[in-house]
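> Sequence:
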Amino acid sequence: GKVCVTASFDAVDFKAPAIQGDILIFKVAVNRAWKTSMEIGAKVYAE
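With UniProt numbering applied, the sequence shown corresponds to residues 1 to 47, in that order.
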């Protein structure tokens, strides 16, 4: 495998808290990829 490091976040918006017992659904996509870096978008939903 390869090493991946989070260097920065542009924004994090919390709409509501997840509580214990919630099921979290992560929807993640690579928006752009370059030679040594990538931009990823992510949304997390709680049920």
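No lab work stands behind these hints, which were simulated from the structure alone. Incorrect hints may have been included.
List time: in silico DSSO-like cross-link candidates among lysine-lysine, alpha-carbon distance up to 30 Å [what the hints assert, rightly or not]:
| id | residue 1 | residue 2 |
| --- | --- | --- |
| 1 | K27 | K43 |
| 2 | K27 | K2 |
| 3 | K15 | K27 |
| 4 | K2 | K43 |
| 5 | K2 | K35 |
| 6 | K35 | K15 |
Have a look at the derived ranges for each label pair, beta carbon to beta carbon [stated by the list, open to error]:
| id | residue 1 | residue 2 | range |
| --- | --- | --- | --- |
| 7 | V5 | F26 | 28 to 36 Å |
| 8 | K35 | K15 | 30 to 38 Å |
| 9 | F14 | E39 | 28 to 36 Å |
| 10 | E47 | G1 | 18 to 26 Å |
| 11 | D22 | K2 | 15 to 23 Å |
| 12 | K2 | I23 | 26 to 34 Å |
| 13 | C4 | V44 | 13 to 21 Å |
| 14 | K15 | T36 | 17 to 25 Å |
| 15 | R32 | V3 | 26 to 34 Å |
Cβ coordinates follow ideal geometry from the N, Cα and C atoms, glycine included.
> Run every hint past the structure and note whether it holds.
Hint check:
| no. | hint | verdict |
| --- | --- | --- |
| 1 | K27 with K43 | holds (5 Å) |
| 2 | K27 with K2 | holds (22 Å) |
| 3 | K15 with K27 | holds (16 Å) |
| 4 | K2 with K43 | holds (24 Å) |
| 5 | K2 with K35 | holds (14 Å) |
| 6 | K35 with K15 | violated (34 Å) |
| 7 | V5 with F26: 28 to 36 Å | violated (19 Å) |
| 8 | K35 with K15: 30 to 38 Å | holds (35 Å) |
| 9 | F14 with E39: 28 to 36 Å | violated (21 Å) |
| 10 | E47 with G1: 18 to 26 Å | violated (31 Å) |
| 11 | D22 with K2: 15 to 23 Å | violated (31 Å) |
| 12 | K2 with I23: 26 to 34 Å | holds (29 Å) |
| 13 | C4 with V44: 13 to 21 Å | holds (18 Å) |
| 14 | K15 with T36: 17 to 25 Å | violated (33 Å) |
| 15 | R32 with V3: 26 to 34 Å | violated (20 Å) |
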